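**Student:** Each chain, letter by letter, is given below.
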Amino acid sequence: MAIDTAEDTTVRVNDFAIKLANVNGTGSASANSLLMQAIFRMGIPVSGKNLFPSNIQGLPTWYEIRVNKSGYTARALDYDLMVAMNSATYEEDIEDVRSGGYVLYDSSWPLDQYLLRPDVTFLGVPLARMCIENFAAPRERILMKNVAYAGAVVALVGIDIELVSDLLSETFARNELLRESNQNALRLGYNYAKENFQCPLPFRVEPMDATKNSILIDGNTAAALGCLYAGATVSGWYPITPATAVMDNFTRLCAQFRREPVENPAPGELPYKNNYLIIQAEDEIAAIGMVLGASWSGARAFTSTSGPGISLMNELLGLAYYTEIPAVLIDVQRTGPSTGMPTRTQQSDILLCAYASHGDTKHILLFPANPRECFEFAVQCFDIAERFQTPVFMLSDLDIGMNDWVVPELTWDDSYVPDRGRVLNDVDLAGMAEFFRYTDEDSEFVTPRTLPGSDSKGAYFIRGSGHDKFGIYTEDSEKYQEVVDRLKKKHAASATHVPAPVVERHDGATVGIITLGGCDLAVREAVDQLADGGVVADFMRVRGFPFVPEVRQFVEEHDYCFVVEQNRDAQLRSLICIETGVAIEKMRPLLAYGGFPLSARQVVDGVTSQLEN
Amino acid sequence: MAIDTAEDTTVRVNDFAIKLANVNGTGSASANSLLMQAIFRMGIPVSGKNLFPSNIQGLPTWYEIRVNKSGYTARALDYDLMVAMNSATYEEDIEDVRSGGYVLYDSSWPLDQYLLRPDVTFLGVPLARMCIENFAAPRERILMKNVAYAGAVVALVGIDIELVSDLLSETFARNELLRESNQNALRLGYNYAKENFQCPLPFRVEPMDATKNSILIDGNTAAALGCLYAGATVSGWYPITPATAVMDNFTRLCAQFRREPVENPAPGELPYKNNYLIIQAEDEIAAIGMVLGASWSGARAFTSTSGPGISLMNELLGLAYYTEIPAVLIDVQRTGPSTGMPTRTQQSDILLCAYASHGDTKHILLFPANPRECFEFAVQCFDIAERFQTPVFMLSDLDIGMNDWVVPELTWDDSYVPDRGRVLNDVDLAGMAEFFRYTDEDSEFVTPRTLPGSDSKGAYFIRGSGHDKFGIYTEDSEKYQEVVDRLKKKHAASATHVPAPVVERHDGATVGIITLGGCDLAVREAVDQLADGGVVADFMRVRGFPFVPEVRQFVEEHDYCFVVEQNRDAQLRSLICIETGVAIEKMRPLLAYGGFPLSARQVVDGVTSQLEN
Amino acid sequence: MTSIVKPIIPLASLPMNEIGLTIRDYEGAVSTLCAGCGHDSVTAAITHAFWELSTPPHTIAKLSGIGCSSKTPTYFVRGAHGFNSAHGRMATIATGANAANRELTYIGISGDGDSLSIGIGHLAHAIRRNVNMIYVIENNGVYGLTKGQFSASADIGSRLKKGEPNAMAPIDPVLLGLSMGATFLARSFSGDKAQLVPILKAAAAHNGLALIDVISPCVTFNDHEGSTKSYRFMREHEVKEIQTDFIPIRKEIHKSLNENDATEITMHDGSVVRFRSVPSGYDPYDRQKVEEYIRERRSRGEIATGLLYVDESALDVHELNNTPDYALNTVPYQKLCPGSAELAKMMMSFR
Amino acid sequence: MTSIVKPIIPLASLPMNEIGLTIRDYEGAVSTLCAGCGHDSVTAAITHAFWELSTPPHTIAKLSGIGCSSKTPTYFVRGAHGFNSAHGRMATIATGANAANRELTYIGISGDGDSLSIGIGHLAHAIRRNVNMIYVIENNGVYGLTKGQFSASADIGSRLKKGEPNAMAPIDPVLLGLSMGATFLARSFSGDKAQLVPILKAAAAHNGLALIDVISPCVTFNDHEGSTKSYRFMREHEVKEIQTDFIPIRKEIHKSLNENDATEITMHDGSVVRFRSVPSGYDPYDRQKVEEYIRERRSRGEIATGLLYVDESALDVHELNNTPDYALNTVPYQKLCPGSAELAKMMMSFR
Ligand SMILES: Cc1ncc(C[n+]2csc(CCOP(=O)(O)OP(=O)(O)O)c2C)c(N)n1
Ligand SMILES: Cc1ncc(C[n+]2csc(CCOP(=O)(O)OP(=O)(O)O)c2C)c(N)n1
Ligand code: SF4
Ligand code: SF4
Ligand SMILES: [Mg+2]
Ligand SMILES: [Mg+2]
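Quick note, the sequences are listed as chains D, E, V and Y, same order. Residue numbers are given in my numbering: position 71 of the first sequence equals residue 71, and the series is strictly consecutive. Counting the second sequence from 1 gives a position; my numbering is that position plus 1000. Counting the third sequence from 1 gives a position; my numbering is that position plus 2000. Counting the fourth sequence from 1 gives a position; my numbering is that position plus 3000.
Only chain D is shown next, with the shape it has when bound in the complex (with noise of 0.2 Å):
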C-alpha cells in the first residue's frame, strides 16, 4: 500500500542508511543486530550505532544502520529508510528521512494523516496482524515483530535472505521451537515485501569483498580481550554504564580461558579453580584500592569504569601517582556533567583524567578510536603502567564501547612478553647493599620496587605523605621536591611509549585537522569531503597523552588547525596548548556534545562555517 509521490530511482549500490525506531525491552536490538551482521558477511562495510535509553523497558530507542562500501561508516544523518516501529514517536521520526526515502510501519493500524509527508514514501507491513495470524503466545507475537520487520527490510535493500536465515539458525541452534519461529517470521516479513513492493529499492546492498578479514566488535568486548592477553588477574570494579560490559566479557573470558584443573576434586568441590579473582566492589573508590593494593602485590589489575567513577576515584590517584604504583583504568566515557545521560557518548573526561586529583599530578592516557585499539591499547596500559609505575587511562566512550564495529580482525603476537617494568626480586636484592624506594634511577626516571613478600632487604613502607627518594616520610622541600620533579620527568618520559598519532598529510594543505578517538571515522570522511569540495587539509588524530614533539610541529606547521571533539569545553585542544606551549589561537574549537556518535556533516559544516567567516 504504498503512498507513490516522490519516489527517488536512481539506483545506489551499498551506499545507503536505515534507521530503525523501536521501543526498548521488545526485543528489537537482536532484529536489527541481525540485519547489520547480515551485511557484514556480505563483505560490505557497514556500522550499527545503537542509540537507546537510560531505562530498562518501554522507552523509544534507535537503531541506525549505514552501508557504505568506501569504508564511510561514521554515523549518517541522512536516512534513506526509516523502520518506524514505535508509534509515540512517529512524528520525529518521519521528519527524520531524507526527502525522496522511505518509511517501513506496522500497518496494522492506519497512520494519521498528518503524518503523511509528501515526500516520503511509505510502506506499510501488517505486522502485528501476521504475527497474531502466526503465532500464538503472546510472547512470541511481540518477539516475532521484530523478526519479521527484519525479514521485510532484507528483501527491501536486497540482503541475502539465506544468509540472514543462517545467522537464524545459529543463534538458535541450541532451541528448534524458537529456530522455527524465527525462520518463520522472517519469510512473512521478506514475502509480504517482495509480494507488495518493488523489492529493492533504488538503494540496496550487493555482495562486495570488503570485510573478509574483519570482525564485528564492540569496544568493552575488545577491551576485555585485551586485559586477558595482557595477563591481567585482578579486578575491583563497581557497575555502571556504559563499562559495564567491560568487566562482564572479562569474567566470562576468564572462565573460559582461566580455569586450571584439579586433579582429584574432594567431593563437593570443583574441578577447576580460577586464575582470577574479580570483586564486585562496594563503589568506585574501593574499586580503584583494590587495584592499588593488587598492582602493589604485583598483580596486573584494573578496574572499568565511567565518569562518576573517575570522580570518585580522584583522591587514590593521587596516591597511586605520588607513590608510583600501576594502575589501569578504562574509563568508557557518556554524557555529562554529574548522571548527565548515561546511554548517550561524549569525550569529555580529558581534562579530568590527564589531572586527575588534588595537588600536582599528570597521568598517561591513551585515546583507541575502535574496538581494535581497544584491545591493543588496553595490552599497552598495562606494560605503560608497569613500566612507568604509574595509573594509565584508556579513554574509551560509549559509541566505541558498546556498537558494534567493522574492524580488521584481532591478532596476536606469541612472542609478547609483558614489560613488568623494574621489579627486584630476591636475587637481585642478595647483590645489593641495601634498597631503597625512589633511588636509582633509570633514563626514564623510573626507580626499581619490590613486591611484598620480597626479602626484609627490599621491604619498605609507601606513603602517600611527603617522602624523600629514600622513601622517608619528610617534610623538608628539597627532598619533597626531588621526588615531584623526578614524577614531572618520568610522565614526560612516558611520551614515546604511548600510542603515536596518525599523521596524514596532503599536498597543499594549509589547515590541520586534528581529532582523537571515536571521531575518527567522522573526521577523516569529513577530510575528504572537503577536498572534494577544494578545501585540502591534514589530518592528526593523537593516540596518546603526554604528547610526543610532533603534536606541537603539525599545529605549527599549519596556519590553524580545527580541533574536533566531542565535548563543550574543547578540552583535548586545552591540553595540547597546556601541555605543548603551542598557542592556542592557532587551535579552533570544532565541538559536538550532543550525546550521539559524530557524523561528517557535522565535520564539514563546522569547517566550512568557520573558513566562511
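Each hint should be verified, as a subset may be incorrect.
To be verified - Output of the computed footprint for chain E on chain D, the stretches with three or more beta carbons under 8 Å from beta carbons of chain E:
| id | region |
| --- | --- |
| 1 | 26-37 |
| 2 | 152-166 |
| 3 | 481-489 |
| 4 | 558-572 |
| 5 | 594-607 |
Rather than coming from a laboratory, the hints here were simulated on the basis of the structure. On a predicted model such as this, the values are computed, not experimentally measured, just so you know. For every residue, glycine included, the Cβ atom is placed at its ideal position computed from N, Cα and C.
Could you slot chains E, V and Y with the ligands onto chain D? The hints should help.
**Tutor:** What follows is chains E, V and Y with the ligands alone, placed relative to chain D:
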C-alpha cells in the same frame, strides 16, 4: 658566654628576622606568638610563620618572625637571630643563621664544638637550669623555659618588657598562679640577657605607628567571621589540616552570636536555642552533600576542607554545577599530591577546583591574599554562589589560614544586604501562569529557583541526569545542549562579580609579574627590589576566576609576564591560557612549591636568572 | 524522557482527604519502570499513605539516589519538591535539607545498591544522627538499572542473570540499623499494601529516621539463567547477545501477608520467599528481643516483616543540636549578622 | 621526619623465637606519637605477637589509613612490607593485595575515625567478603591527628577538648561486625598486653577477617575542658590560643584486666572505664548470645573484652571465589595468555 668573633655592629631598626627552633608540644608556640604580638603592639609591621610538623608531640617545629618597617613581611630567608631550642636540629638551625648573626641556645648543657660557627655569635642562656631553680612542678619547668627565652629575646631586640608583661597578664587573667610564674619566667630570661649580653643587639625594634588600625589575625578565623557575617546557618564538614580551624572558629562564633534566648526554659532545657547547625560529617562526600541539601533548601551553607577533601567532593560538585545549587567551599590548600605534607602550604588545587568533576564543568574561584580578604571574600562567595546558583570556591592556603597576619581591621557595612539570587516565593508564584526551573533566564543567564516548601506550583524535580530547560528528563541533544550552553555562558557572566585583579603599573615596565593569593607580599617586595636593581615590572594579582578581559590585556601589553605561583605545574598560567586564549609562551612560570611561604628572594632570583638567559 | 506527564482526568467521585485532595493529587508522572516492577507497588503505597495522612503535597520533600528505585519519586506526589541526587548520596542531601528546614516531611527512596553498597556509610551515619525522615529501601537484591548485578542484599546461593551464584551473606538493613542505634526499623513487601501503608504512616509520624526495608522484586533480573522460563536460556551465542533486549511484560505481585503465619510468595522467576509478619503481642521496644526474633526467623528461612523496632524516646538531629523549632532557613538575616559594632568590639581581641 | 631510625643495639641475651629472631627484629622505627599514647602499647603487643608466632617478617604486609593510629605500622616489624594509604581506604587496598597474593599475613591498623566514619563502608564490605587479615581498630574515641574532634565511637555525654558534649550514641565496631556477618570479633585494651597478645595470635591464625577493637586512650585529647587538670582550662583568650601547643609528657597505661570481674581503669583525664573480660565458659560461637552479652554489659556501663565471637567454618574471599591456593601474582604469564591460536578461533564468533 658570648663567643665574639664576627659580630655585626651595623644598627638596623625595625628590619630583621628571628627564627625559633623548638620541639612541638612543649608550649613554645604561645611564647613565640607572644613576641610577635608584642612587636605588633609596638606599632611595627611584623609577621609570624609557624612551620610545624604533621604530628602532635615531640618533633621539630619552627617559628619565624620578620620585622620590617616598610611592611615587607613576607617570609625572610636571612635570619639575624636563631633561638635554637631543639638540640635535635642544632646543626641545621645554626647553619641557617646569616653570617654575622646570633644564636640563642640553652647553655644548661654545653654546645658541641663542631657546631660553633666562627661567623656567628652564640648567646648561651641557662634556661633549663634557671627553670629548675625557680619552678617546682615538672610541667611548669618545661613550660616556663619558653617564656624565659622569650624574655631573653625581649631584652635582645629591645621589645618593651612592660608590654609583654601586660600581654601575659591579659592571657592569664583568670589564673593568678600561672600569671605569676609566667611573669617570673619572663623576668628571668630578660634579666639574664640584660646582665650578660650587650642589649639590645644591633638589630632591634623601636616603637612605630604603623599598626594602629590593624589587627593580628589568621585567615581561618577571618574566613569563619566572614561566614558568620554572611549569615551562613548550616555547615557540613570533616576535620582536615589546615582547614579545621575554619569550622572550629565558626562553631565558636556561632555559640557566641547565634544563640536565641529561650524565655522560660523547661527544667533540663537549655536557656537558648542555636540559630545554626554545624554537622561533623562522616566524610567529605557527606559534608558537601549536606551543604547541597541545605543550599537547596535556601540556607546559606558551606564547607571547609583541603585538597583530599576536594578530591572526594568531585562527583557531587558536578551535581551542584549541573543542577545549579549554590555552595560555598573554603579550600585551605596544603602540599599535595595525596596526603602530601599536611602542614606545608601550596597553591596546587587551582585546576582541580576550576574544573572539578567529570564531564564539562567550570566553577567560580576566589583567591584571597591575606586574612582580611578571607573575611571579605567569604561574604562575596555566598553572594556569588546564590546569585549564580553554583559552587564557589575560596582558595586559601595553610600560610594564610593558619598564620597570624597583620591586616587592616575588619569592618562591616551595616547596609549590606545579602544577594540571595533569584528565588521565587509563593507570592511570586501566585502571579505566574506556570513555573519551570530553567526558563526565564536573565541577562546573566541565571534562571529563578524555588525552595522546597514553596507552593506546589513551584515544585520541581532536581536531577543530575540530562534535563531540558523545563527541568524534565531528556536524552535529546538539542534540549541537553541548550542547558549546558547556558551554564557556560552563566559561568562567563560571573567574571565581573568576582573580585577584580589588583594591577599596579610602573613607568617604563616591559615585563609583567602575575601572581595570586598569599604570594602577594613577597611578589610586591620583589617588584620593589627588582626596580631597585633596574628591572621595572608591572604587577597584577588575580583575585577571581573566571577572568575579566583585563587579565588577557595585561599579558598582551607586555613582551612577556612571569607567573609566580606555589605549585609545580604552573596551574594558574595554564588556567589563564585556556580561559583567556592568550599565547601561553608569553607567560613564564616562576614556581615555588617546597611547602613554605614564599619569600621575595625566590622571586627576584627567579626573574633575574631568566632575564640573564 | 523517563518522566511522562500523566493526564489528569478529573473524577468527581474520588474520595477526598482532610485537606480536600483526592488520591490523584498524590500521584506523579507515569512510571517508566518495567511492567510488573515491585517498585511501582511501593510508589502506590506511598501515594496512598500521604493521601491518607492528608499531608499537603508542597510540605513533602522527596529525595533519592540513582537506580530504578531512585527514579520513583517522580512517580508520586507531583506537587512535592524532589531531588534525584547521585548514587548513594541521598542521605547526605536529606540531612542537609533537614538541617536547613525541619518543617517539611522528608522521604528518601533508595535501592539496595544505593544504600547497602556505595551509600552504606551515609545510611549508617544518618541513622546515628537520627535525621527526621522516612528512609525507604526498595530492596530487590540486584542492581536493576545497571542490568542485574548482585547487590549486597542478594541471598546466599542465588544466581544472577549472567552466571555465578552469590556466595556472600546478605546485608540486612534492619540488623545494620540495630547495630547503629536506629530508632525505627520496619520491613515489608512491595505487594502488601495493607501492611506497607500503615508502616509508612507510622514512619511519617516518627520523630527521627524511620528505616523501611521493602522487599520489592525486580521482574527483569530475576529472570534467572537457571530458570527454564528464561528467553535467554534458549540462545546460543552469549558473546553477541544484547543483554535484556527483550523484557516480557509482567504483572506486579500483590499479596497481603498473613497476620500470624508465614506467607509464601512466588516471585516471577518461580522462586518462593517466605514472609512472616510479627506476631500479635510482639514487643518492638526491646532491642535485644527484636534481634533475636529476626535472626531466629532468618534461620528458618523466613523474612520477618512489620514494624520491627521503635524507640520513641531518642532525640532527633535537631534536638541533639539544640536548634529552634522553626526552620533555620527562615531566620531573618538581621538576626544572623552580629553587625558592625560587634565586629569593632571583636577587633579588640585581635590586637 | 615522623619515622626516626632506631639504633639496633645487639643484645646477645635476648631470647630467640623458632626462626631465630629476637623481639628486636620485630620492632620498627621509633614512635613519634605523644608520650603515653595507647597506640604505642598496641604496637608493642603486635611486635610481641608476631615474635611469638615466629612469623618471618618479610611475609607480613602491614597496611593502614591515615591518623595517629595509622602511623604505627612504621613502628613495628621493620622487615615487613608496609602501605600507609589514604584516610579510610585501608580495607580496599588490603583486599586487593590479598587478592593478588594470599600467601602473606595481612595486618591492617586503623583508627576509629578511619574505620567508623570515612571508611565504615569499606570495613563493612571487607567483613562481608571475609578478607583474610587482622584488622585492628585503635579506638580512642577521638580524631587524634586532627586534634581532638569526636569520632563516631565517642561515648554519649563525653566532652571533647573544645566544648560541646557529644550526644550521639557511639558506634560499636563489634556490633557492626555482628550485623555484617563477621567471623572473628574481639575487643581489648591497649594497656593489657596479656590479653591482647593472645587475641592477636588467634586473629593471625583465623581464616578470614579478624576484627580487633582495641580501646587505646589518646592522652592528649582526653585532656578535657571539664578537667581541672587541664592547662588549657586556665587560659582566658580562646580566640588566639594555639591549640595543643603544650602537651604534657604522660606514661602509657598498663594494666591487665581481671579474669572474671570488671576492671576499672583510670584514664589520663581522670575518667574511669570499666572493662570486663568474657567469663570462663563464655561461648564465642553463639552469635545471638554474644550480642546479648555485649549489650547487657554495656547497659551496666561495662565494656566487654576478650575474643567475643568466632566462626571458623566460614569461607574467606579466596574460597568464595574458588581461586587456587597459590598466589595469583605468581601465575606465569604463559598460563594467563590464551595465545594467538585461541584468538584466531575466537575471531570466528565475531563474524
Ligand atoms: C558513582 C556511580 N557509580 C555507578 C553508577 C551506576 N549505577 C546506577 S544505578 C546503580 C545501582 C542501582 O541499584 P539499586 O540501588 O539496587 O537500585 P535498583 O535499580 O535495583 O532499584 C548503579 C551502580 C552511578 N550512577 N554512579
Ligand atoms: C580525605 C581526608 N580527610 C581528612 C583527613 C584528615 N585526617 C587525618 S587523620 C584523621 C582522623 C584520624 O582519626 P582516627 O582514625 O581515629 O585516628 P587517631 O589519630 O585517633 O589514631 C583525619 C580526619 C585526611 N587525611 N584525608
Ligand atoms: S530492571 Fe528491575 S528494578 Fe528496574 S524497573 Fe525493571 S523490574 Fe524494576
Ligand atoms: S594525639 Fe592522641 S592518638 Fe595521637 S599520638 Fe597523641 S596521644 Fe596518641
Ligand atoms: Mg536494587
Ligand atoms: Mg581515633
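**Student:** If any of the earlier hints don't hold here, list their numbers in rising order.
**Tutor:** 1, 2
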